[in-house]
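Visitor: Given next are the chains, with one letter for each unit.
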Amino acid sequence: MKTSSGRRPWTFYALAAFFALFVLFLYGPMISVLVLAFQGPSGALDFPLRNPSLIWFAELAHPKGTGDVIGAFNRSLPLALIVMVLSVLMSVTAGFAFRRRFHGATLLFYTAVASLIAPGLVLSIGILVMFRFLDLPAAWYSSALGAHLSWALPFGLLIMFAVLGRLNPSYEEAAYDLGASRWRTVRDVVLPIVFPGIIAVALFGFTLSYDEFPRTWLTAGTKNTLPLEIWTMTTNVTSPALYALGTVTTIFSFLLIGLALGSILVIQRRRSAQR
Amino acid sequence: MTSKRSLTPYLQVTPLALVLLVFFIVPIALVLIVSFFRYQMLVGLTPDFTFDNYLDVLTNPTTWRLYFSTVKFTLIVLALTFVIGFWIAYFLVFHIRNLLVSIGLFLVCTVPFWTSNIIRMISWRPILGKEGLINQALLDSGVVAHPLTWLLYSDFSVVIAYVHLNTMFMIVPIFNSMARIDRALLEVAVDAGATRWEAVWNIVLPLSKTGIALGALFVVTLVMGDFFVVSVMSGGLSGSATTGMFNDLQFLNYPRAAANAVILLIVVLLIAAGIFRLVDVRKELVR
Chain A
1 MKTSSGRRPW TFYALAAFFA LFVLFLYGPM ISVLVLAFQG PSGALDFPLR NPSLIWFAEL
61 AHPKGTGDVI GAFNRSLPLA LIVMVLSVLM SVTAGFAFRR RFHGATLLFY TAVASLIAPG
121 LVLSIGILVM FRFLDLPAAW YSSALGAHLS WALPFGLLIM FAVLGRLNPS YEEAAYDLGA
181 SRWRTVRDVV LPIVFPGIIA VALFGFTLSY DEFPRTWLTA GTKNTLPLEI WTMTTNVTSP
241 ALYALGTVTT IFSFLLIGLA LGSILVIQRR RSAQR
Chain B
1001 MTSKRSLTPY LQVTPLALVL LVFFIVPIAL VLIVSFFRYQ MLVGLTPDFT FDNYLDVLTN
1061 PTTWRLYFST VKFTLIVLAL TFVIGFWIAY FLVFHIRNLL VSIGLFLVCT VPFWTSNIIR
1121 MISWRPILGK EGLINQALLD SGVVAHPLTW LLYSDFSVVI AYVHLNTMFM IVPIFNSMAR
1181 IDRALLEVAV DAGATRWEAV WNIVLPLSKT GIALGALFVV TLVMGDFFVV SVMSGGLSGS
1241 ATTGMFNDLQ FLNYPRAAAN AVILLIVVLL IAAGIFRLVD VRKELVR
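These protein sequence lines map, in sequence, to chains A and B. First residue of the first sequence? That's 1 in the numbering used here, and the numbers climb one at a time after it. First residue of the second sequence? That's 1001 in the numbering used here, and the numbers climb one at a time after it.
The set of hints was computed from the structure by calculation and includes no laboratory data. Since no wrong hints were added, every one of them can be taken at face value.
Derived contacts from chain B toward chain A, CB cut-off under 7 Å, selection only:
{"#": "1", "residue": "Q1012"}
{"#": "2", "residue": "V1013"}
{"#": "3", "residue": "F1024"}
{"#": "4", "residue": "S1123"}
{"#": "5", "residue": "P1126"}
{"#": "6", "residue": "E1131"}
{"#": "7", "residue": "T1221"}
{"#": "8", "residue": "G1225"}
{"#": "9", "residue": "T1242"}
{"#": "10", "residue": "L1264"}
Backbone N, C-alpha and C fix where the C-beta goes; we use that ideal spot for every residue, glycine too.
Hey, can you work out the whole structure from these sequences and the hints?
Guide: In structure tokens form, the structure reads like this:
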């Protein structure tokens, strides 16, 4: 269990088997969708896979019965990018503020937590009513953006707490004592330590928005975002085109995660090479 | 860091505070206000101060039935995600000797979280459906004569989907708490004659309570506030605490939907307050 050498106890094998089962549980269904997306023209929504083909992917590009997938993507992507940039800027700066004492810190913290745990549907009703009162139309770039931020920001803040908790103030004091300017200290001491956390906030901000359903449902206005489009498809579309769409969005998510994790890895390596 | 009082922290939190004010506090306050309005068919909302909406919701037996069902799901899912999350995190932190392998396996557990929830729900269909993989296997091996129909569009599939979607929220905070536990503590315990089980029970469990509390907070609030997983995975057969709200919205009965929303919010915040009373999450986080 805790010794760093020697024979592994039986619990290791039991837990390893448990872990393998859990991974199968996590990925198994996803893989089956990935496979069934290549279903042939006569194939159904279930196994077996008959005459593998790409026709369901082709159908996505030429929407007849499947709805406006590409238009929805063209709204979801910029929305997610805006949420990503804003949540990085705001939660990183706010995270630093929380390292010092200021009036209202506790109140702000608990407001952020409440915002994180308030059911998405409850908040959506509130935002919808607010836009009605102001006589503004609900749209993805206004009401939905706000709804997404009110959930992505507290998440980012919690991540920053975890990251900044590891940033010992004595590192900065040491830099000041050695004559570093404030800017230099931030650049050479603080940022390298905090950077992986910033990428984590960015990844969370992006995906929380890109995949968010309950908070978008009422606030997106007349034009659907991608999750809403997929939701509509689950009720209308009974062909493997649904799986094809699932495959495409999943691959997109995986590319993004790979990009984020890859950049963390590159930064870490560069940092250790400098030393 | 610096002891001098300055404006800097206030400027730094202003954007966050503004967003929370405009897109959280004001909307929630509006929900509260509208919940006292009067709703008339075809006329719409009239400003008022009436408790009728609350009376309407609370005297409706359906509300109680739906809340009971939601609480049932929440407790089952909480228990399952806790047991799974705890042992997965324990395995990754204390059994994997190589830090890189441990982080790699941790990522394997968290990556699906970053993909679409709706797609992840749909993906159970070819597995659990009437002609799904499990039924095919059971029929082929002759275990059952007819396909099992309770696998999909049932309480069973709702629980499966919740666990599938939400276990990540337990694993990550518990992993984070466990990673901070000093290994020497465990060695001392074992040297002093504790069994492996006693060490887990008396050292690992208490020291991961912050992570467990955070995970429970996420799981409880996600399940309590959910509408979509229940309606997709039960095929519309089961409802949740939000179902009433959803129906009222369809009929544009905002006041009653708002009253429903306020009740749900109060229940969720009370649970959260209970969890925060048990564990001072903030102090542990900042430390």
